[in-house]
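Residue numbers (our numbering), protein chains in the order written: chain A, 125 to 277; chain B, 12 to 790.
Think of the hints as simulated: they come from the structure by calculation, not from any bench. Note that this is a predicted model, so its numbers are computed, not measured. Where is the CB? At the ideal position from N, CA and C, for every residue including glycine. It is possible that part of the hints are untrue.
Stated by the list, open to error - One-sided excerpt, in silico: chain A residues whose CB lies under 7 Å from chain B:
no.	residue
1	GLU163
2	THR165
3	VAL177
4	PRO178
5	GLU181
6	PHE186
7	GLN233
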Amino acid sequence: MKPKWQVWANEAKAEFPKANSALLPLLHRIQTEEGYLSENTINDVAELLQLPVPYVESVVSFYSLYFQKPVGKRVIHVCVGLSCALNGSDQLMHHLEGKLGIQEGQTTQDGEVTLLEAECLAACDLAPVAQVNLRFVAPVESADALLAKEVNS
Amino acid sequence: MIRLTIDDREITVPEGTMIVDAAAQLGIDVPIYCYHQALGPLGACRICLVQVEKMPKLVTGCTTAVQEGMVVHTRGAAVDKGRKGVLEFLLINHPLDCPVCDKGGECFLQDYTFQYGAPAGRYDEPKIHKLKDAPINDFIIIDQERCVLCQRCVRFMGEYVGEEQLLLEGRGVDTVVATVSHQPMDSQFSGNVIDLCPVGALLSIPYRYKARPWNLEREESVCPHCPVGCTTSVTSREGHVIRVEGRPVAGRNWGWLCDRGRFGYDFGYVEKRLLNALVEGREMSAAESTRTVGRWLDAALTDRGPESVAFLVGGQQTMEEAYQVARFSQEVLPGSRTAMVRTVEGYLPSGLNGSFQDIERADVVVYIGGDPYDAVPVVHLKVRERQRANPGLKVMGVGAYELTRDFHGAKNFTVKPQHQAAFLAYALAQAGTKSQAVEHLASQLGTYVPSLLNPVTPEEIQALGRTLLESEHLVLLWDGKEPEMESVLLALRAAREDATEVLPTFGPSNWRGWERAGIPAHFASLQTIIDDAAQGKISVLFVVGADLLRDYPDREQARRALERVDHVVQVGLFLPEEVQLYHAVVPGAGWSEVYGTYTNMEGRMQVAMATVQPPGQARPLRTYLNSWAHALKKSFVLESEWDPFDDDSGDFVPRESLPELRPVTVPEPSPGTPPGSLRVVGFSLVMEGGMPSEILAPRVPRFPGRISPQDAARLGFSEQGGELQLEGTMGKISVMVAPDRRIPDGILALPYGIHGSPLNQLGEGASVKAVRLEEVSLG
Ligand code: SF4
Ligand code: SF4
Ligand code: FES
Ligand code: FES
Chain A
125 MKPKWQVWAN EAKAEFPKAN SALLPLLHRI QTEEGYLSEN TINDVAELLQ
175 LPVPYVESVV SFYSLYFQKP VGKRVIHVCV GLSCALNGSD QLMHHLEGKL
225 GIQEGQTTQD GEVTLLEAEC LAACDLAPVA QVNLRFVAPV ESADALLAKE
275 VNS
Chain B
12 MIRLTIDDRE ITVPEGTMIV DAAAQLGIDV PIYCYHQALG PLGACRICLV
62 QVEKMPKLVT GCTTAVQEGM VVHTRGAAVD KGRKGVLEFL LINHPLDCPV
112 CDKGGECFLQ DYTFQYGAPA GRYDEPKIHK LKDAPINDFI IIDQERCVLC
162 QRCVRFMGEY VGEEQLLLEG RGVDTVVATV SHQPMDSQFS GNVIDLCPVG
212 ALLSIPYRYK ARPWNLEREE SVCPHCPVGC TTSVTSREGH VIRVEGRPVA
262 GRNWGWLCDR GRFGYDFGYV EKRLLNALVE GREMSAAEST RTVGRWLDAA
312 LTDRGPESVA FLVGGQQTME EAYQVARFSQ EVLPGSRTAM VRTVEGYLPS
362 GLNGSFQDIE RADVVVYIGG DPYDAVPVVH LKVRERQRAN PGLKVMGVGA
412 YELTRDFHGA KNFTVKPQHQ AAFLAYALAQ AGTKSQAVEH LASQLGTYVP
462 SLLNPVTPEE IQALGRTLLE SEHLVLLWDG KEPEMESVLL ALRAAREDAT
512 EVLPTFGPSN WRGWERAGIP AHFASLQTII DDAAQGKISV LFVVGADLLR
562 DYPDREQARR ALERVDHVVQ VGLFLPEEVQ LYHAVVPGAG WSEVYGTYTN
612 MEGRMQVAMA TVQPPGQARP LRTYLNSWAH ALKKSFVLES EWDPFDDDSG
662 DFVPRESLPE LRPVTVPEPS PGTPPGSLRV VGFSLVMEGG MPSEILAPRV
712 PRFPGRISPQ DAARLGFSEQ GGELQLEGTM GKISVMVAPD RRIPDGILAL
762 PYGIHGSPLN QLGEGASVKA VRLEEVSLG
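Just chain B, with the same shape it has in the complex (with noise of 0.2 Å):
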């Protein structure tokens, strides 16, 4: 530790700390523009400047490193006349358009010059202009002019994210900020450089002269879309979200946003809203359909009992939502029964959940079954920073495809789908381990070897299960697909010394939220519903939130039910697919229109604040329940709102105890697959993610469907793809695919949830017939 003072003021910090951040701590703002904790140092702008005793000269306080018994100055006749002088030079070429900006009334570049800059500037000679208004995808546009060449964007882009799309152009007052070759960037961390730019020069194209930070409305929120949570702040005027930001969070993370989050929040007010109920075919009013829905209840309770009875929770909603729904189900119908809309099996117990701060460790961090940039982006760069911290890390994948992009020195098992558990199972067994639960399991493997996809040795897959057992600090992060993954993580906790750090990268983005607030989250619990509605056991069944036969992995069962049940009451933001198979659908409020608390897939609570009104006839969900039970003539009372946060466990939600493992079935050893057949796996793939946006749209991928590119080329694709038609016991269904070089021959890899991706109808793991329907051009 070392000590210094700063303005009279001492403090010890860790060895290596720059100035600023010692200052920092003390609460002493130093001007910064191109420094970033995040990036680290570079000392292109100068505007840090301080001023350190026994030092010839000033020092920028972002360079330079506290030392023993260093004395600095962050004010004074010399520290200011600095500042202003590199100001003046900040300043020669700007525009100084600030009436006209949208970072007028947040910008550093503002507040810096009010504070030290020089009231008028010498420069009389014409100012050099450059590009003002090039957009540099579809929802950034940069300003040059106003660019202070601080490169925060062009070393989060190339150092921080790993995909180089923005760099320096030209040299000395030429120099600009420009993409790669002139090409739009396509990186899902894009919008990020908005928040990082110091200045007015990027900007975010849907927010363009939208209002005045003096507008607007700011509360602190969380992002819907996907498990990671991410810590956001919505801003709002006159009743529309009009942009969402990164918010940091000291000591957790840096605010870093993925594109879905940052600029899909338009889908509480797209065309597609559901502003009315629909009843039977007739649109009417929210509260008329209360009175119709009441009427169904009543009537399936004096027909045939509140068994009969069942509420179905997915979506977005919040943990308050899900609570009041267990609650209205034991309280109001006593007998009825909930569960949640999963898109995949598995179960993670929350004994094995871990937290971010475990990447923050990690020597190994392995990835199953999926892609955590598809599925959950900004776990991605979580796991990026850990390796440029520790650039030993070990990052590995066991899927159906590569998934570990380009880290250093990963390794990838390809495994076809649904033998991953066995796989892991067997590299366990293999490891040489005394561990009885791991013994346990490879008693039940019996003869089972696996065959990769990808070329492995026997001692490859040795060393992954020794590696799995020794590690020190070890991440998983499960995609959740294959429920049997439950136990060989349970033994692996057994097994190992250290600790094991699950965390799931499935959705729906509340499960756990849900799970903690009374609704059940085993896939089990909401098969039974479905398969005893698709038997005629249901009388009424209420949709929360989810569309269901979009969300459950068989579309077919799905429907069976619906249309069995009498009636289906659908609550939701968006008419769901086959809107004639419910009875009602009534217009639900959503994020950003109800507070609520979310749970991450760390286990972590956070609060979402409301910031505009429910647009039409849209109500929050309790209104809903009260009113139903109202027609019930009961009374459905929540008097004090429950608080989900616990005592003792703080953010987190409490861990339960570990369950006892469960057998683990050996896969059948698969016939290959027959030639001219794929073989079908599923993937969570966050940038369509299901809600509408139309800020998005030119984001949605045209080919939602990948495979190999030898696969490709057989069937006679272009390097772009084309719609593939399907036959299987299903029938005839086309997709549009493109090759991708991470999946091996014989798999086509589908998106969940999602438009135009027909994985529900076909089902994991299935294996079906593919003829190229025709070349598609991209216009």
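Bound-form chain A, shown alone (with noise of 0.2 Å):
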């Protein structure tokens, strides 16, 4: 554990009236500065935070930007909900796989990128739709081109 995390922890809580509240935002600090969490993490916050350590894992799990192994520097998050599905996403993930090397989940070799995919991102009117680092990629065009504008460049 970190002593700032008990900084954090304390700041995250005085802006809730109950410590569930404050678990969130404190999951995301740490995260960003430790790219992923870690199973000594999230027994460290469920210690800061008094929650019972599975709850804590049960919410880390449950959402998808949370990550329990490290990731790449750029995470490319592919939207394979309905619009976009109707929009081609399959191909477009197949595509990346293959350019990448890697399958969906992975990270490449060098530890430059991961590729994810997600539910709906809310933009349907935009489909196919991706994320890097959580910035909004759409309409993309091609694996070809998402890589080389996002990640090559």
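Take the two lone chains and join them into the complex the hints point to.
Structure follows, in structure tokens:
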């Protein structure tokens, strides 16, 4: 546990009436710095907010924006929701997998890129939709264009 | 009270009742998965849809409380369509592998699908695959594909037991039940999730692929392993017990079991089971052994008279068997003596004996001497349930170490071994009552002032005394270690206006039943027989069920007794320790092999049915008694089976009037334990509890002893513990110990009656010199 987490936990707690509510912001803050949330981090956060470990573990595993494994410098989310699926997100994902030489859910050997799927990102009018480090890229013209602009630039 | 109509029938139920429970009272079955009365409503599965008039949509019957004048329909086109839809969703990713599922034939997913579901699914897309046989500990496997995510298992462990070891992981269709940090579950209540799971997702490993429900015999039984006497149902197939399940009794218990009771059933047929008689080192048939034993008895009668014969009853014998021993002693050998084998010396008069219902009403629960979690596990759940219903419940511990686990607002008074009776008497005296009984106690205390092992102020001791005297519903759980406690409890009862209910947590499980059957329960009866035997006054000693050297509090004296008796005859399921001291060991029949009655710590009598045949030459006790009588040319015919149930007291053994107060001896102010020494204190640990079990082997703690983390560090042990060598009057003995933060410095806690625990070689309260022997690494 890092000493400043204690400070962050207190700040988060001060904002909300219940410790449960402080959980999401605290997890985000720690993840931004650590890159992901390890088992130890989960135990530490549970202790900081006096919440049961399984509760924190369930929350972390519930949201796709919390990572339980280290991720690359750039995280590409490809939306696989209905509108995007109708507009070719399947092929987009296949192409990205081919170009990057990894499967969905994996990170490239050099630790640069992680490829993940996402449920509807609430931008259906721009389908197919992707996000790179949570920034929207839409509509995606092709895998090559996406990689050229957002990753290899 | 609320009046409503369900399926055209009227019913009146208390406010707050859920529709499903009101319907159940009318015998109307509303399907449920996630709901369980003990856990409360959740509304996660939607199978319990019902129609309520004037409500626009179907509602879930498990989360909707009844209202005055409500009109409910539990069937009908709309309801059936709703349930059909719910089932279609539940089955979308279900593997439909009922033909290879242990639950098939007793599964609520099957049953409700037959009743309400569609004949075929409409979903053609590939199914999502998850883990199919992932062990969550040594006894339980999870098939995540079959799980309907009702969360009963997760909520039971977290909210009910308070040991959060299961969780929901992931989201949406990917959600699965998993263990915390993917570590095996180690709660001693883990097996209950098998009973709770409405589908075939959580399954018992020892029962896996053993049978189909229609191959089975199921009999109602009672767990014999500890004084709780949990109600069980025993499943057998082709002469083997292959499963034990909890059996809920409406209005009385939920059917929870601990893992000892659920998985420890294989003691009946483990390899160590005694199958033939062993007489003076020679294996022989049971029939032949009875003739030899008959000759010994005959000789003893002629040479030394019936006074030289004694019977000791122990282990897991039924009340009927104890009664047979008592009758045999009175009728065939009048003048002979009987006693029961006890591990602790205290006695609880039946007039003080409370029941589990008292826990349901309690405002204050006091643990004296031991932690119920170790000794009588399911009682721990009952106290937890009470604290859920009444968050103000005070739980207090008076023992040589911390007893109260994680109860909210618990308070511990850590008192040296053998000072607990005096301490409680002192606390009562400090409370300033006018009661004669307490004043009488106080007058015996003289200048005694307790010194506690944890920081406690005089005001807190006074407050304890007042709580004991004044709380309305007081329940005490007593471990029976200090005989003087009996008088303190009697004085407390005399001084209180409200009832004082005591529940004995000590074994043997059925001691109160044997007492009812006519076997003296006081330790003194046993002690006199053992002491007489050690002086050569006993010619034939029968030991039924017990393992004397393991169980008797003074092992050396027990050995002297066995050495001096002309003929020691053991009837049991296993060879006793140091079998060379016995002249005959004959194989007996045990639990699940004979029908019989067990009396639990409430004094409640419950029947356990026989379901399998005894193996090998093992025979019911009465067969031996009959043939021994025969050998003496006497007749011993138990014409009518004894009926232990008494009309006036129903299921309970009758409560006798209270005995006179006996003097309380004030403990010598024991000299502080010299540096480098530890003081010994015993405790019951049902998880190991005597009976061998191959299924439970992975649970047997490798370190039965417990010491404080500071002592462990001082002795040079790592966190996991190691081997300790003890030196005292008994010579040198080694024991495996582990640090435990509840143990105060200078205390060594050791379990009773367990192989590897030298408690009865050292003696309760003994001070022993301790040195570290070696570090042992857990592989
Ligand atoms: S494993 Fe069984 S009890 Fe647990 S959530 Fe799934 S279906 Fe319910
Ligand atoms: S608590 Fe006691 S009686 Fe109940 S299952 Fe466990 S060992 Fe058996
Ligand atoms: S389906 Fe992709 S953004 Fe809505
Ligand atoms: S039983 Fe009612 S919602 Fe699950």
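Each hint, compared with the structure:
1. GLU163: 6 Å, holds
2. THR165: Hint on A:THR165: violated, closest Cβ of chain B at ~12 Å, above 7 Å.
3. VAL177: 6 Å, holds
4. PRO178: Holds - the Cβ of A:PRO178 comes within 7 Å of chain B, reaching about 4 Å at its closest.
5. GLU181: Nearest chain B Cβ about 6 Å off; hint holds.
6. PHE186: 5 Å, holds
7. GLN233: 26 Å, violated
The earlier numbered hints that this structure contradicts are 2 and 7.
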